[in-house]
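Student: Each chain, letter by letter, is given below.
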Amino acid sequence: MASSPKRRIAVTGLGLVTPVGNDVDTTWSALLAGKSGAAPITNFDASGFSTTFGAEVKGFDPETAIPNRKLLKYASKSHRFALAAASQALADAGIAPTEADSHRWGLAVGAGMLSVDYEDLKVVHRHAAADGNFNADGLMDPEFPGNPLAFCRWQANAGQALLTKQFGIRGYASSVHTACASGGQAIGTALKVMRRGQCDFMLAGGFDSMLNPLGISGFCLLGALSTDNDNPSGASRPFDLTRNGFVLGEGSGFLVLEDWDRAVARGAKIYAELAGDGNSLSAYRITDSPPDGNGPIQAIHQALGDAGITTGEVDYVNAHGTSTQMNDRSECAALKAVFADRISEVRVSSTKSSMGHLIAAAGAVEAAVCCLAIRDGIAPVNANYGTPDPDCDVNLVIGAPVKMKIRAALSNSLGFGGSNSSLVFRNPEEVQA
Amino acid sequence: MSDSRDPIVFTGSGIVCGAGGSVAEVWEKLSSGETAVRTFTQFDPAKWPVQVASEVLLSDRELVSDRKLHKTISRTDMFGIYAAEQALADSGLPAHRDALPEAEQATWNDRTGLVVGTGGGNYKSNYDYLPLMTEAEASSDGALHHFGKELGNQVTPMWLLKNLPNNVLCHVGIRGQYKGTNACITNQCSSGILAVAEAAYLIENGEAERMAAAGHDSPFEPEMVYYYHKLGLMSGEAPRPFDASRDGTVFGEGSAALVLEKESEATARGAKVIGEFLGFGCCNEATGIVDLADDGNGVSRAIEEALANAGITKDEVGLICAHGNGNQASDRTEAMGIQRVFGDQIPPVTAFKWCYGHLIAASGIADIVMTLEALRQGIAPGVATWKEVDPAIGAFPVSSANVAPKSKIALVICRGFGGMNVVVAVRARD
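These protein sequence lines are chains A and G, in that order.
Residue 1 is where the first sequence starts when you use the numbering used here, and the numbers rise one by one after that.
Residue 1001 is where the second sequence starts when you use the numbering used here, and the numbers rise one by one after that.
It should be emphasised that the hints constitute simulated quantities derived from the structure, not laboratory data.
Here the structure is a predicted model, which means the values were calculated and not measured.
Hints may be right or wrong, so weigh each one.
The list that follows gives simulated cross-link-like pairs (lysine-lysine, DSS-like), each with its CA atoms no further than 25 Å apart [stated by the list, open to error]:
#, chain 1, residue 1, chain 2, residue 2
1, G, K1124, A, K73
2, A, K6, A, K269
3, G, K1149, A, K122
Using the sequences provided together with the hints, build the complete structure.
Tutor: Structure follows, in structure tokens:
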């Protein structure tokens, strides 16, 4: 056990590209208004799929959003969201790596699953599998137009590579993927790297975009998506009895993390303290969530313990709340087990009700939402809620956001396969008190 | 980084790669100069400019005996589960847990964590969609419309689950009921070595009592060979790290794993200790996806960081297991980085990719496992394919013959796409 007091870490910059806004202010206003980012899919012909809608990022112009346009050819859609959100976060923090301190800057990202573009697979199909059966010799066809740029974009850490290059980050760098818990785990990783003194500044976040034909296919096959094709904006209804699956979103969220004392010394605006991180494995079933919350419970306890606070100090929970039957029930069981008698005093909402599920980016985007909720003293709404589920009887923020002092906020991310990540953010006023 | 009064130690290891399915089998090849790079069999090499790889020869049944699981995982996951469970069995932890009073087992499980480094995905997973694509492209009602409509009838509902990058983490957890802290690192080559470093820190930070770290990958597949070759990264024969005529790397496949815990815990349960985790460094070159800094600054910075983190001086290092992937630029800049730190006092340098190929996400952790064995045996295996000093590198203590390490302490270097350089310092125990 580390004996010295834990180094305090401040969140001093935020950046967001989400289905409800291409920056922090637009996204936050939309979340407070409970506005939905879901609509029929426009990026490709989704008419044949069992789900024909999603929460797409809208009107995003990479040419203006990304500083170094030379990187664009190496950047897939999700990398572009990441470069834009990370740029925003650094601009917001008002700091960036310099020649003198670039080796003290680190990066931790939650990256989406590798998915090949339908058009790229079509090229392989044409040359190496016209009859449907892959024959490797087709790649040796002199006409096969293999594109090394597509290969580069497809590397597991291409996002990490583009971000470190874009901003000149020369210290620790890592890319993690635990499905829907990736973004939360990336921020937790960054916290550890800073606490152990390996870096003084970290850019931490997540990015994903599976709203493409092959990306959405996996979820359709699994039956995980809502099929409310006639009502996209009402389809994501976490904790509502009639919920029937999640709404696939895309986007990116980034945080700038900085040594607390240093941030105070430079007069930085501090959104929150990134105070604690907890992770656990449910070790239950690959697709199912443990009905009694055994798994998520340990992650929440560990995060609170890491933050050095009790359940009595948590006022707001940004739930994973995917709007699937099992996951929401499991998460509520965990919250009730952890908060026990206090459960009715803790306000809970899932902002996936507005943004949809950003998969590997979700935990990072929702971490930013927790910071904004603390800053403004307001808990965003759990939109689209109508029919109570007796198994999900937590104190949801329904109808309108609630003005309230938030001493500490908890953000949960519970991934496919049972990786659970919980983060605790504390109000700067509580820290200084 | 590790507390010298109660160091973090390795109590179990496991490996599967082209050179064998155990530490002993791989050591036999490494120490006798025998490469496991062979003509590949998973597709017909006849028309390919590259015809060799280091394939795992074990069958699916030998890798994972539960056949039901085969339908829901991919080849790379089988390697990961095999090596992780081999390392856990080697540590004696599962048997130790099972002998505990039942009331203590839940807490024990909650305090047992896993970190896995994985390649993240394979091109071939998408080939499941090719038959449907043939039909869709011929369809009159729009290719994508047809593709979406027929998807559920033609592709397995398990597709996503089969290809989850965090599958090894989940399945080792489910099979062993390990429920503690965890992470899945998808950072290309550096994934597996980072898994070891992060696992050590999770113990040091009190987040778990004991951890298994694993790295696994199956980069050997046609599209990967095609692109690596197109980028000039592939050799047509076993790689020749640091040799003047080196011309690229060769893919391997497989997995390696280590079990870590505090020495006091290991001693208390009477476990054998094979080595210590001393510390690590991780530095990025900010050069983009495939480019390298031309001065090897990431390598030297990562070595310095690892030495400082481990609390050791460079003079204490008795062996360096280099990344040595056999590429001209990578090996040259790696040697420059080593030379910058050690000057003319470089300990013996070896590299293992000539034997079992480049395991990409599993490469660094496989090198740690085999470096620990080398230190324990007191033999630094030579780079059997090395012949001639590269004038661009100059004096560099690499040889084709086995030599003796100068001490029980080694540095393992792992480099990767994305400007990554990770160095782990370990000390072996007899």
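Student: None of the hints should be skipped; say for each whether it holds.
Tutor: Going down the list of hints, with the structure as the test:
Pair hint K1124(G) plus K73(A) holds up; C-alpha atoms about 24 Å apart against a cutoff of 25 Å. Our distance criterion of 25 Å between C-alpha atoms is met by K6(A) and K269(A), whose separation comes to about 21 Å. Between the alpha carbons of K1149(G) and K122(A) the distance comes to roughly 18 Å, so the proposed pair stays at or under 25 Å and holds.
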